[in-house]
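Undergrad: Sequence:
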Amino acid sequence: MIYISPLMKNEINKEKNNIKQSVISSDLLDLLDFIDIDGCIFFKFQKIDNEISRVDANEIAGQFLDLSGYEVSINRFHIDDYVSGNILCQSILFLDEFKKRWKEIYPDLNCVVLITFQNDEIGEFSTFTFHKVRNDESIFDPSEINNIEQAILVEFIN
1 MIYISPLMKN EINKEKNNIK QSVISSDLLD LLDFIDIDGC IFFKFQKIDN
51 EISRVDANEI AGQFLDLSGY EVSINRFHID DYVSGNILCQ SILFLDEFKK
101 RWKEIYPDLN CVVLITFQND EIGEFSTFTF HKVRNDESIF DPSEINNIEQ
151 AILVEFIN
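Residues in the sequence shown are numbered consecutively from 1, following the UniProt record's numbering.
Note that these hints are calculated values from the structure, not bench results.
Mixed in with the good hints, there may be bad ones.
Straight-line Cα separation of at most 27 Å, DSS-like style, residue types lysine-lysine; simulated pairs [said to hold, decoys possible]:
# : residue 1 : residue 2
1 : Lys-99    : Lys-44
2 : Lys-20    : Lys-99
3 : Lys-100   : Lys-44
4 : Lys-103   : Lys-44
Per label pair, the in silico range of CB-to-CB distance [to be verified]:
#  : residue 1 : residue 2 : range
5  : Asn-10    : Tyr-106   : 18 to 24 Å
6  : Lys-16    : Glu-137   : 31 to 37 Å
7  : Asn-10    : Ser-73    : 26 to 32 Å
8  : Asn-13    : Gly-39    : 37 to 43 Å
9  : Pro-6     : Glu-59    : 35 to 41 Å
10 : Ser-84    : Lys-20    : 30 to 36 Å
11 : Asn-10    : Pro-107   : 30 to 36 Å
12 : Ser-26    : Pro-142   : 31 to 37 Å
13 : Ile-122   : Phe-45    : 23 to 29 Å
Glycine included, every Cβ here is placed at the ideal spot set by N, Cα and C.
Generate the whole structure from the sequences, applying the supplied hints.
TA: As structure tokens, this is what we get:
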């Protein structure tokens, strides 16, 4: 299931042709490797950058509330750190490749992906993050998508 805020719908509609004609950056493709540490799944490059060797749920609860919040925080990165143009197109293409890779490696696990996008006087930015679906843990309330004043796309991957 995909949830898209009104602002993100507008941005995607403006870029529809570019998305269809674009090719994903090899720098982004290189990021599509995962590691499981104590039941949490991270991008492998984030695990290395953040020096994660174990996950202590008690330590995490104080700062991130739950494991899903921790995964979202650690896995978040800026697409624009890896590509210099067509940021939204590259974000959507990365999502497509992420889904393929996820289903290949974790066919029995569900996850939630969040993409945000900003294009204003400050610049063009996009973040990508994900977390594994867990019972009684929720980062996003789908009923709130139309109330979000930000360009955001959320996809539940089964």
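Undergrad: Looking back at the hints listed earlier, which ones does the structure fail to meet?
TA: 5 and 10
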